[in-house]
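Got chain F; can you put chains P, L and R on it based on the hints?
Protein chains in written order, with this note's numbering: chain F, 1 to 213; chain P, 1 to 213; chain L, 1 to 213; chain R, 1 to 213.
Keep in mind the hints are simulated off the structure, nothing from the lab. Ideal placement from N, C-alpha and C gives every residue a C-beta, glycine not left out. Treat the hints with caution; some may be incorrect.
Label pairs and their calculated CB-CB ranges [stated by the list, open to error]: (1) 8/R to 182/L: 34 to 40 Å; (2) 151/P to 87/L: 21 to 27 Å; (3) 87/L to 159/F: 45 to 51 Å; (4) 142/R to 61/L: 54 to 60 Å; (5) 14/R to 14/P: 19 to 25 Å; (6) 158/R to 8/F: 17 to 23 Å.
Protein chains: 4
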Amino acid sequence: MSFFKRFERGQMRLGRIEAFSDGVFAVAATLLVLDLRVDHLADVHSVRELGGVLAGQAPKFFSWLISFVIIGKFWLNHHHILGLARHANYGMVWLNLIFLMFQSLVPFPTALMGAFPGNPLAVSLFGVAMAFNTLIFIALHAYILRNLLKPELAGTQDPHIIRKSFAGVVSYLAGAGAAWVHADLAFVIYGLTPLFFIVPPPGRAGAEGQPET
Amino acid sequence: MSFFKRFERGQMRLGRIEAFSDGVFAVAATLLVLDLRVDHLADVHSVRELGGVLAGQAPKFFSWLISFVIIGKFWLNHHHILGLARHANYGMVWLNLIFLMFQSLVPFPTALMGAFPGNPLAVSLFGVAMAFNTLIFIALHAYILRNLLKPELAGTQDPHIIRKSFAGVVSYLAGAGAAWVHADLAFVIYGLTPLFFIVPPPGRAGAEGQPET
Amino acid sequence: MSFFKRFERGQMRLGRIEAFSDGVFAVAATLLVLDLRVDHLADVHSVRELGGVLAGQAPKFFSWLISFVIIGKFWLNHHHILGLARHANYGMVWLNLIFLMFQSLVPFPTALMGAFPGNPLAVSLFGVAMAFNTLIFIALHAYILRNLLKPELAGTQDPHIIRKSFAGVVSYLAGAGAAWVHADLAFVIYGLTPLFFIVPPPGRAGAEGQPET
Amino acid sequence: MSFFKRFERGQMRLGRIEAFSDGVFAVAATLLVLDLRVDHLADVHSVRELGGVLAGQAPKFFSWLISFVIIGKFWLNHHHILGLARHANYGMVWLNLIFLMFQSLVPFPTALMGAFPGNPLAVSLFGVAMAFNTLIFIALHAYILRNLLKPELAGTQDPHIIRKSFAGVVSYLAGAGAAWVHADLAFVIYGLTPLFFIVPPPGRAGAEGQPET
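So that you can see chain F by itself, here it is in the shape it has in the complex (with noise of 0.2 Å):
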């Protein structure tokens, strides 16, 4: 058998496939509140100066509330895109595994922009990195359309759905690049990205108000 055949092999339940995504979600969601860390104020006392470091912690807030928001519509759209699949096979356990690999990492470019939102090299790599997730989910989405597709769903999804998906690596992208004029411009970008595809498209006629089990 050769070796990329050998990834076509396995009928896997997709029940711990999901019970592990949604583990891995979970925990990286809630990660992200470590880097609004109060370790550093040690020296603060009053409540002028609290108020002033909190405030100074702006940047952190708004990298934790985008982050949230991003993992949180990956969440949904990775449900959406399971329960068009019969069954799982090896090819898609491990496109699974790369992108929650990096959807794991999420937590690192967010404080890393929370860290240095002046620095534009910090804050367009929130922006490649989130280009990079969605790119990986495309890759995802589209295997199992292509191989997995549950009988009963074939025809009704959008043929041009994997096509439209690439808005979201484009607008993440086009972030990436503002973080070099004017860093503000990039968290409003980053903000406005997942508010585009905050409900996962319709299929085409007839899908609409089905189960999706």
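Coordinates of chains P, L and R only, in the frame set by chain F:
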């Protein structure tokens, strides 16, 4: 389809929503312990010294205790209200994600209050954060009652339940106010508030004995 | 309805209680590793230096090992006693939450003992914490046996099981006492205690071959 | 009943064992990111400075990448071998707990190798830790094959599978040895090892098309 209408789409399984939610609850509740660190105790040697340092950490312990009980109570009531829904739609998923976002934030105001128990701003921010968490939870509860209630539960829910839930918001805000008078009073109010709704309120007659599935 | 009666209400699925509990167990057990940090090793260069520093961390490794086995044993026995219940009620949910609260606390006494292996207070606090965890577990076990036992298991449980479980409490407290004489002795006692109940005690005749569902 | 016989008792559901295992896998894999911290970068300002610091963190990124792939591969193969068991008994539960214990330890040798990429002891300890993880996994696999194999899978498993699995142990130990010659060589060997068994080996004729439940 209008923007808002799109949120009413979707008939998702509750299973993965519960799995992701339980993950966030469990991680947030368990991360609270990270604030009871011993790193900065490195220059402590004798029993007396260690005892003194641990006694000085009492506010951190109280903060941990209060927050764990609050997260536990939210988890229990979340369990209850998701049991009222016949399925999920995108509106509910996003309300739930926003709720989980602020639930995952709990370790931050907890750490702040534990580190600065004498600073009115730190102590009152805890109450404001918990009032905000309660408000989003009420919105999620109201959304389910209005749009997704299981047909067989129609008429079994207390029609004044949402109004009554604001008692928690008021109580947390009272604690936030009390922080500016006396921090210890705020701790007491924060500690007592979750005990009011330690058990989800009963439905109206007839709903009692039913399994909540 | 009286205050205490309200806790007997509710017929909840065990599924989400297990999911939340498993999350707390898994996170608490895995967070233990965070204490084996290398941050403070920054000025180490040669193999000899690193070897010396790692050897000096032996108490942290023993603390990690003992705590992981203890959490694993609690998880296994928790699995066992939840399998005895026909459903959950609010009394059980709150006993379970209090148990999980102190389970999630385990990384703190573990870190304390690992950081101050020669300090009797640090080492004995570990034993007191574990004795307390065992006590709450016993309360949860007794509550289930008294109020929620599956009808088909009636008469299969060892009537002296609760009394026997206090052996663990006594053993942890003996270790806590030994810490004031010799710290190494306490480590040995703490390490041996979970091994006594490594396997949940059998029920009485007839229960052996049954699947625990 | 003899001590060892007691471990053969129990017919436990695999559900909670999978849930706890998935939790530990997900948390351990996601905690790896905590080592890519930016705390110590506080005195970095220009793009050039930040770029230099990030480039200097390359060993930490490679360590993270290798460890995530290794944990992902263990998760996938764990999924596979638990699918072979008809139920769990206490012997399997404890082997699984010991496996998870060392799986949850992975962030420590990863951090050590990332922090001291030029120190042969740090780099070789990573290989020893992974060889040890593989050994315990082999023990779990062998235990399931010998004692808990589903009757319908009898004769479908490669009788030499356990012997072949030692290739991973040998490869990790070769990397550990190579670390004393040239650290980069060890990184390459560690990175290639999980790729050998990226897909669980097929059973013998006939087992291919079967769903793994």
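Consistency of the hints with the structure:
Hint check: residue 8/R to residue 182/L, Cβ distance near 38 Å, so the stated range 34 to 40 Å holds. In this structure the supplied range 21 to 27 Å holds for residue 151/P paired with residue 87/L, their Cβ-Cβ distance being about 23 Å. Checking the proposed 45 to 51 Å range against residue 87/L and residue 159/F shows it holds: the Cβ atoms sit about 48 Å from each other. Remark: the range hint 54 to 60 Å for residue 142/R to residue 61/L is contradicted by a beta-carbon distance near 27 Å.
For residue 14/R and residue 14/P, the hinted distance range of 19 to 25 Å is satisfied, since their beta carbons lie about 23 Å from each other. A beta carbon spacing of about 20 Å between residue 158/R and residue 8/F agrees with the range 17 to 23 Å that was offered as a hint.
Comparing the model with each earlier hint shows a violation of hint 4 alone; every other hint is respected.
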